[in-house]
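Chains as they are written, first to last, in the numbering used here: chain Z, 1 to 267; chain D, 268 to 528.
A hint or two may mislead.
To be verified - Partial list, computed: chain Z residues near chain D (C-beta under 10 Å): (1) Gln21; (2) Tyr22; (3) Pro200.
Everything labelled a hint here was simulated from the structure, so no lab data went into it. Every residue, glycine too, gets a C-beta built ideally from N, C-alpha and C.
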Amino acid sequence: MNVWLRRYAALVRSAWLVDLQYRAAIAIWMLWNVTEPAIALGIWWSIASQGAVQGFGRDDFARYFFGVALVNQLTLAWDAWYIDRWVRDGEMNFRLARPIGPVHEAIADNIAYKARTASVVLVVWMLVALAWPVVRLPFAPGRWALFALAVVLAAAIRFLNGYATGLLAFWTTRATALMELQFGISLFLSGRIAPLALLPPAVASVAGVLWFPYVLSFPVEVLTGGVVTPEQYVRGFLGQVCWLAVWWAAYRVVWRRGIRHYGAVGG
Amino acid sequence: MSVRRVLRALWRVNVVEELQYRANFLASLLGTLFWIAMALLTLALFFRHTSRLGGWDYWEVVVLLGVFNALTGVIEAVLRPGIGELVDEVRSGKLDLILTRPVDAQLYVSFRRLDLWRFADVALGLALAGYAVVRLGRVPSPLDLLAFAVTLGSAVALVYAIWVALMSLAFWFVAVENLSVLFDAVYEAARYPVSAYPGALRFVFVYLVPIAWTTTIPASALTGRLGPAAALGAAGVAALALALTRLLWRAALRRYTSAGG
Numbered sequence: 001m002n003v004w005l006r007r008y009a010a011l012v013r014s015a016w017l018v019d020l021q022y023r024a025a026i027a028i029w030m031l032w033n034v035t036e037p038a039i040a041l042g043i044w045w046s047i048a049s050q051g052a053v054q055g056f057g058r059d060d061f062a063r064y065f066f067g068v069a070l071v072n073q074l075t076l077a078w079d080a081w082y083i084d085r086w087v088r089d090g091e092m093n094f095r096l097a098r099p100i101g102p103v104h105e106a107i108a109d110n111i112a113y114k115a116r117t118a119s120v121v122l123v124v125w126m127l128v129a130l131a132w133p134v135v136r137l138p139f140a141p142g143r144w145a146l147f148a149l150a151v152v153l154a155a156a157i158r159f160l161n162g163y164a165t166g167l168l169a170f171w172t173t174r175a176t177a178l179m180e181l182q183f184g185i186s187l188f189l190s191g192r193i194a195p196l197a198l199l200p201p202a203v204a205s206v207a208g209v210l211w212f213p214y215v216l217s218f219p220v221e222v223l224t225g226g227v228v229t230p231e232q233y234v235r236g237f238l239g240q241v242c243w244l245a246v247w248w249a250a251y252r253v254v255w256r257r258g259i260r261h262y263g264a265v266g267g
Numbered sequence: 268m269s270v271r272r273v274l275r276a277l278w279r280v281n282v283v284e285e286l287q288y289r290a291n292f293l294a295s296l297l298g299t300l301f302w303i304a305m306a307l308l309t310l311a312l313f314f315r316h317t318s319r320l321g322g323w324d325y326w327e328v329v330v331l332l333g334v335f336n337a338l339t340g341v342i343e344a345v346l347r348p349g350i351g352e353l354v355d356e357v358r359s360g361k362l363d364l365i366l367t368r369p370v371d372a373q374l375y376v377s378f379r380r381l382d383l384w385r386f387a388d389v390a391l392g393l394a395l396a397g398y399a400v401v402r403l404g405r406v407p408s409p410l411d412l413l414a415f416a417v418t419l420g421s422a423v424a425l426v427y428a429i430w431v432a433l434m435s436l437a438f439w440f441v442a443v444e445n446l447s448v449l450f451d452a453v454y455e456a457a458r459y460p461v462s463a464y465p466g467a468l469r470f471v472f473v474y475l476v477p478i479a480w481t482t483t484i485p486a487s488a489l490t491g492r493l494g495p496a497a498a499l500g501a502a503g504v505a506a507l508a509l510a511l512t513r514l515l516w517r518a519a520l521r522r523y524t525s526a527g528g
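Okay, chain D solo, but in the shape it has when bound:
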């Protein structure tokens, strides 16, 4: 049975379920708008005391904020309800039920459940980025847009890879229930251009925990700070990360002995 057909069936059930709780949509939307407003006020506060942040001006950082929000939307809509549940399932042994199914376990675990309403965050984030580009008074060339699409796609792939890697740690450290909080903590730093941080932190965010690639690079593409070569570089980093997490996932599964085993 193809994993695609299975997932499509799961998503259909998912949509029907979520449509019962339409008030949640309003609550989720209001929440997102509130946090975007807080983020914009924070930026306004920084820019009261400076005209540039790491060499970026106000609207350029807002473009980045839009990208950050779109990625947060992907995380909340797909990753947290899917792979985010893995820690619990490893601990309780529920993973057994998934492993016995005749589909690819990594894909199934990753994409079985969606938090539909949070896709609105993606739309809002992209809209914010688009508005900020207009305010910059800059018309992106088709090449810029292509570079943006490639780097944003790479960013999604990279964030996914980081989540799989982080959640796979559950196979080694069964007692740590809040591994996703580790991601949330570090990912907060991706709200601002990586050039705004002191040198040591910058090194960490580019090479060790590569979150700089997820927001700074796509935003740079949209504001014309980035050539097509760098976009290809981002795609390369993402492909490498995906391949590495695949290997890590396999190694992790070999360790899995089920609960009580």
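Here chain Z stands alone, though its shape is the one from the complex:
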């Protein structure tokens, strides 16, 4: 255990220092991640000008999409694109030759990147809240603790989902297209474009049996107060745990077979 702690500390530290060189580029990526919820908020804000939309007033939309921006930053997973490139240009070989498996490096990169960027989003949120009372959240440490747990689970699901999909690059050159496909679907089923309650009921019930709502919508609603009853909490966390198990198993299977299947580029 102690060994792994030291390994991870070193990996995260090194990832943190690498990111330090790319602060401007990272700021641009962050802007890119924040515009989508900002645009959605702008549109819903205008729609809600004539009154609440199924119980969602302007203030609710504002808090919801601030939550989406934060949770999205904390759960982003771009590993599939890296894996795809590494398999294609042969860099995967170097990574496989290292004494620690590539997945640990990826996890450390994620921790460093998310700590840096999400703290910026959080600071911006607090500054905005000073001037704009609408996006202030009530003081609720218990809720925030549950939110932290939900975010960690969501980030893990999204990471394993992206990593397993990315590993399909061992077989196909279009693994990233599968990520794009999921990205498009998640617009609706994860609640990126609207709170799930505003989707047609049939679509929302389909979302409930897939992993999409558990990686974004559920943590956001824990934070903003959309999830309140114990039953909602249990269902949400249970869904997260189940999908985490499913994607972990998928990752294990794809990794083992992929490594056996992989004939290095130029090899």
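Guided by the hints, dock chain D onto chain Z, whose structure is given.
Only chain D this time, still in chain Z's reference frame:
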């Protein structure tokens, strides 16, 4: 040597190259259709809860979406593979090779390479806009069509100018590798009529980052919300933007000292 002849030769090679990868065409087409479907579903979701978006009804916004897709096609087919590579070339010093050629560097950098298949996006976007106009039950007058042609042409010129301006920043900020992402981030907002945004944002999109002129104005022309005077205004804005970027490009080149210089 005229830059036109050089470009024509480059494009011919380009076409021959791309024709080898015809499966890419299918993949690109499917991708575009998928994203158009997602955009239409998003609109359908908004319109479940409202009957108008910034004063526009459903099919009017679909006209705008068609224009947006056509412009995205131009961006992906021409701008990203051409001027989009500039950041990399400034950083690595490859720009030296281009500057020593006896042709206009701005035109050469901008139009040397095309991503052929993405022109299908332009066709699909215009087809979508056309279909939506039919669904509106409105026959555009020849004057409307003329205004649309002028404003769409201005929109292309304006988007090009924004890209040149943005990419020229690479001469000052060499370390920023993903300048084009900055454009992508802001341009997402052009999917919807500018009147759908709160006042402050509207001001930004009309005057500061003038993306409102690229989709809202041509779509307005096609749906008859716009007089010929406004079309001329759009052409004026585009001409001004092109002239300014030319000056900016010259200033940027004067700063260029090559890599390791």
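The hints, checked one at a time:
1. Nearest Cβ of chain D to the Cβ of glutamine 21 (chain Z): about 8 Å, under the 10 Å cut. The hint holds.
2. Taken as an interface hint, tyrosine 22 (chain Z) checks out: its beta carbon lies about 8 Å from the nearest beta carbon of chain D, inside 10 Å.
3. Contact between proline 200 (chain Z) and chain D, as hinted, is supported at the beta carbon level, the nearest pair being about 7 Å apart and thus within 10 Å.
Of the numbered hints given earlier, the model fails none.
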